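Undergrad: For reference, the chains in residue letters:
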Amino acid sequence: MSGFDISRSDFDNVTALHLSGFLDAHTVPVFEDAIQGLLKENIFNIIVNMQNLDYISSAGLGVFMGFIEEIREQGGDIKLSNLSSKVYKVFDLLGFPALFEIFDDENSAKSKFGHSK
Amino acid sequence: MKKMRKQKFKLKISSATENLEIIREFINNLATKAGFDEERVDQIELAVDEACTNVIKHAYKYSTERMLDISVFLDNEKMEIVIMDKGGGFNPDKLPVPNLEKYMRVAKVGGLGIHLMRTLMDEVNFSINPGKKNQVSLVKYLSRKSA
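Chains A and B are the protein sequences, given in the same order.
Numbering of the first sequence is given in this note's numbering, commencing with residue 124 and proceeding in unit increments.
Numbering of the second sequence is given in this note's numbering, commencing with residue 30 and proceeding in unit increments.
Keep in mind that a hint or two might mislead.
To be verified - Which stretches of chain A does chain B cover? Using the computed rule of at least three CB atoms under 8 Å from a CB of chain B, they are:
no.: 1; region: 169–177
no.: 2; region: 210–217
Stated by the list, open to error - Over 12 Å on every C-beta distance to chain A, these chain B residues come out as not near it, computed from the model:
no.: 3; residue: Arg34
no.: 4; residue: Ser156
no.: 5; residue: Leu171
The set of hints was computed from the structure by calculation and includes no laboratory data.
Every value quoted in this text rests on a predicted model; they were computed, and no experiment measured them.
Using N, Cα and C, we set each Cβ at its ideal position, and we do this for glycine too.
Please take these sequences and the hints and turn them into a complete structure.
TA: The structure is reproduced here in structure tokens:
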């Protein structure tokens with residue numbers, strides 16, 4: 124089975140989650156738990172790096188929608204990076220580029236959080 | 030071009046999110062066989078995932094004893110996928126096009142799936158008969174390019 128995985132990298136003031144595999148209604152609780160876990164640690168500057176994400180359905184996009192307001196109220200943000208063109212198209216169809224900052228690479232997203240490399 | 034006989038394929042599978050992957054592979058294989066390019070195969074696969082996810086969540090409320098019934102019809106013009114359920118049904122016309130700003134405020138995310146289905150496919154038709162037979166038909170033409 125192809126499955127879905129998340130790994131995490133912590134930097135000075137930013138945490139990046141690296142998604143890999145298939146994010147659908149079955150695997151989405153794993154992603155929700157990961158974001159929820161960061162919030163519990165009071166981490167609100169979050170990058171979601173999708174370099175190795177092969178697939179996303181609206182269930183996955185729903186997680187971004189579900190948490191973003193709380194995160195922004197806390198002065199943080201979710202920024203997206205390294206989307207394949209296949210994954211980007213889904214975000215684009217639902218109008219996400221107007222609501223989320225999307226970067227080609229993780230370092231650009233980090234700089235936007237004021238992180239010095 | 031010689032008229033291709035209509036071919037029919039069926040998949041009957043437990044209504045469980047863990048089966049979405051099997052459903053996507055089934056659809057991916059048939060869309061490829063029908064002659065769609067990779068981008069459109071991806072679109073069909075996603076639209077069917079969204080339709081089945083809706084049935085699993087809303088019609089059958091995660092009861093894995095219920096069955097998803099997926100029929101695929103192929104001919105040389107189009108691919109049609111019909112997903113049938115016997116759940117409570119809903120009124121597809123009452124679903125507004127999702128307003129993302131509003132969804133952000135209320136952290137509610139339903140309706141994105143149907144919006145995607147309508148964007149990704151050439152035709153999406155619902156036939157609702159609550160408790161008896163609800164179905165959604167998704168059609169993609171080989172000659173058209175949507176989304």
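Undergrad: State the violated hints by number, sorted upward, taking the hints as numbered earlier in the document.
TA: 1
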